[in-house]
Amino acid sequence: MNFKALLVTFCGLLSSICAQALMSTSTLPEGINSPSFRFGIVDGISQKYTESGSLMNLGDYKSVVFDAKTLAKFNSDAKRLIDALNRFGGHALGDSFNLGVLRVDTLPRVQYYAPVFARGITSKWTVGVGVPIVSYTNKISLSQEFSNIEYYRRQFSGLNPELDDALNTDLSKATNETLAGKGYKALGNRNETFVGDIQVVSMYKLYEKNEKVLTYQTQLNLPTGPQYDPDDLASLNVFGRTNITNSLAYSQYLIGRLSMVPYVSYLVNIPDIVSARVPLNEDDTLPDANTKEDVTRTLGNIATVGSNLFYEMTDSWMIGGGYDYSTKEADKYTGDRGTRYDLLAVNSASTAHRVKAEITYSSVKSYFKKTAVIPMMVSFQVSDTFAGVNIERQTTQEMNLMLFF
Amino acid sequence: MKKSLNILLSSALALTACAPKVEERLFEQPKTSFGPQSKDAQLNLRLREFGQAVPALTWRDTVSSATYFEQAEALIELGEKTGLEKLKNTGLAWIRNFYKTPESTLSIELAKSPFAALATGQTQEQVRTTLSEVLVELDASRPTIRSHILNLGGGLPQTPVTGLGAMLTRAEMFSNMVLAEVPRMGLTPTIEDGLKVGLVDTTKPLFADAREFLQRLMATKTLTQALALIDEAVKKFEIELDPELQKSMKQGRQLARGLDGINGPQTALAVLVDIWRVLTAEERAQYFKPVNEDLYDFLKKQDEKELSCLQADGCLGGVINGIAKKIFILPKIKNYGIEKLRTEMNEATRGYVISSIEAFASEFVKTMPQTFADNIDTAIVDKAAAIARVRDGYGNYVSNLFTVWQQKILPESQGQLPGFETNRVTVNIASGKDFSLQAVPASLNVSGEALGAGLSASAQLLLKDSSLGSMAFSHMLAQVNKLVAVGGYRDIDNNLIPALLAPVNHRGKLLDIMNFDDSKDQDLSFRIPDSIALQDPYHADPAMTYEKDFSAASFAAQVRGLSRMMRITRDWEKTVMDEQLGHIQAQDLTTDAEHDDLKQPLFPKDMLFALNLGDAAVLLQDLTKKATPVFLLTTENNLLWADSYGNTPETAIMAGIVDIKKGERLNFVKTKDIAQFLLAMTEFLDATENVEKTKSSILLAKDANGEAPLDVLLTGRKDMKLLVLAVANFISNQLVQDNKLVITQMSLTDRKAVAKKPFLIVQQAYAMQALIKAYQLTNIDSYLWSAQEIYYAMNRTLFNPKEEFYINSDGSKLSFPERVQTLLALQHLKPYLPTESRPQLERLMAPWLEALKNLK
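Protein chains in written order, with this note's numbering: chain A, 20 to 424; chain B, 52 to 907.
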């Protein structure tokens, strides 16, 4: 009985933030129950692969340059200010006006605890259910730099109270005021714990002969986690989704104790209705509260292909490594107001290249040899996204403890 | 196991290392260094050799007075900025000579000037009220005064006094008692003070004169001397003799002549007969019988005919009388001694006169309280009558005072003041030649522009010309009258005397400058027209005859002139006005009455500042009224008129001013007008700097909303600074073209230069001056860069080496005024040029400044 597969059976329990443990083809024996406890830490989501594929700190990526062009788009008052400054002499002072860069420095971190229960229904069919408890922390700070506003203050201060206000703009303060004015939650530090999306998994062995196994796995993600929050810019907004992942995995020993598991999977998102702020145009980076409406969200489906290699060093120790490539279709939003729903889906198509590694200790064989007290497995996995487009980098570490009875 | 773990971790790290490095996002550094977009050009300036003749300058033309003053002021400013005292003095002399030129102004008596009428009108209500109150009080005080004086009679010593000296002392004593009693009479302070002053003024010299008279009377020797002294006293003390006394005096004089003419027994007898005739029967017995009973008996028997015969030489009368006269009387007189008889008769008659006076004085002492009471009452009645006359004829009264006073203070002009300036003059000025100026005779018509320029030039003269002498006083008075005439006033009958600030687009309602509610009415706009008919040298024709032409140049000149004048009238600092008019009090006009109220300044500076400011405020408030000549351009480049400022969501960022012709705003703007409008506003801002220190009660008085005119002014100053900014924006953003030169005129319809107008140097000069002033006021660099760029563009494209100066883009040379204005603008710009550009400019200007110095 190759229990290593159990480690991966429920890898999808934590959905997109789960450590992508190595997929295998093993199922539980009939009538065997397996409670397990998973603990994981997800780092690296402060970095993102941009639409060009370059990796960038999320702080840099999210930073906004408030030059004249941006400001003019930002709101009509700012445009008026720039137009007005352009009329002071013939030197286009407005066009050179620059409030600087608003840096949004974030340090997000996710930890999760997931009790999982699985049972072998038959020798070929195993089902399980997992309930993740997620802790989300994020240190968010706003700062302003690279501004030439001092020159403009020297030149134009004291002429008009309205102008003075504009010239004394503190971008951090103004941002939070703008957010508050538009009904957004303030950009502050986060520390919250909640129940994530519950997952139900079914794994069925389609074929098994001469240690060659083909399995079909179905994973149902239930929207029990926090719903999409259109008012919270710092929210993870990756829970509360309904989707089904269908996977086919094939395993075969290559040489000695070295085995390979290639696999494909396809995640289908079920359309749902969420309340979203629909931007009025491309420049509407912070839609007003009155743009909020119930829209039909169809998140893009995800296709993944990958392969894992396992090496059983002893009866108790095994190491593995893997790679997968996934591609996600663009999201789609529709609504009744006929506005720019397409803007909600900008840069939502993504790709990711991930690598993984794990080490596993198992006492199952020792237990049958009567040298271990209980049958159990402990594993440690790491994974990283090393390339991609429009996707956060996730560097994940996960510890998993499984028991069998 | 350990090996496995190492492999795993190494693999994990290796996998992670596959990830690309985090890219730092590079943010573009914003622009922090700004400056002009063009650079200076090297000029082909000839190196002028030492001793080379300076360029010749000539100005022969008939020009507006405003243009003439403008050049004079430019010379003053050039002189001050370059340190060339000669230029400054020449400018001042030009202004001084203008006013000395015959017919450069009309003239009017001070008594008929606006200020005199305003002062009369402004004071009449208070004066009349006060005088009426005084009359009531006077009437009420009469019985009180009388009873107190009569009661004082009981306090006099009861012992009868003899001798004129003692009687006089008694009278003085009573007079002092009356004086001491006055505070106990319960009179109003005004009456009490008046009574005291009246008593002292009347009795003190009277008693002194009486004592002197007494001394001289006692020193007389003859009847003639005594009577002459009495005649003198009657005349001096203005004593009215009743007919009997007159008859007695006549007889006395006749007697005195007889006494003086005694030369023998017959003439002595004639005098004795005269004396006999004058005396009553008792007096005859008293004076004749003791001396010579025979003569007494003899004369007693004579009838009138016989007495006359006795007086006539040679008339013997009847036998008995003839014998008596010839045998007894004449020889006896002769034997008695003619001289002795004359001396004794003089003593007797003189003694008679003195005793008669004593008898009169004794009677006076007895009735002294009554006499005092009567005389004081009479004086009060007379005073009341005089006060009533002043009250009922106040206008004439004050006018008469001014008429008398004007002769005293303006002796050289016989009380005449210069009025508004003529509109045009003929100048004939050339290097090294005598200055010549002729006025196109001033008519009863004034130009708004000349008026403004005249105020400005006069202010310069008063502030800077130490050689004005007596002209300073009349000139200062003239400016005060101009300020009154500009704003209009209410006369003694409360009629509104039309201001020169005439209705712009409404009919009927004239400016009532003291009515602040009117000033808020959006439909009521007032400006001085380009030409308005006068009734006299100061007053507008009551028919208000003028075309509805209100040019921007005239508006700017008016604001500038009134602002310049505020440098003289501002009350929070000492100015030439204090020197010239500050010492004059209302009391100086009259000696009829002295009163603390009259010891106030006749020309209260705080009031005149308020009036001056009020005149300017009327003009400036118009900028946001319905008939505004000021247009605004918004950030969206839309045009709106300044009356809609505040009522539009659009941001107005540029502004300018247009002419109004026949009541309609023109649709093009002139660079010169815009520049001068900006300069005028900065003059106003400069003149009202520190205005919060004013003590003017008019400006500080709060209305029902707790708002004082000063508050409005302070807010207005801020708005005006923004308007300066907006105008500077219009110049630098709209009038400056791609070649960095300013156009002469711009159409407001398409915001383009009016076709076929060349680039004129003088327009560049005005624009540069305005932009530099805007820079000085706001410290906004962009305006300075624009001024510098204009100068650089002039050097690039409009410099003519042969001319050694600039020429217009159509090749035409500069006129004298254009050259002066250009030099002034360059002088303004020089300190703000980069160090490396200044030497070239200095070389360019040097010969022309030298040429200006050669003007007289």
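Treat the hints as calculated values from the structure; they're not laboratory data.
For glycine and all other residues, C-beta sits at the position ideal for the given N, C-alpha and C.
Wrong hints could be hidden among the right ones.
If the Cβ cut is set under 10 Å, some of the chain B residues that face chain A in the computed set are [unchecked claim]:
1) D311
2) D592
3) T686
4) S695
5) G697
6) A777
7) L822
8) L835
Covered stretches of chain B (chain A as the covering partner; in silico rule of three or more C-beta atoms under 8 Å from a C-beta of chain A) [stated by the list, open to error]:
9) 115 to 123
10) 700 to 708
11) 779 to 785
* Which numbered hints turn out to be false for this structure? -> 1, 2, 4, 5 and 9
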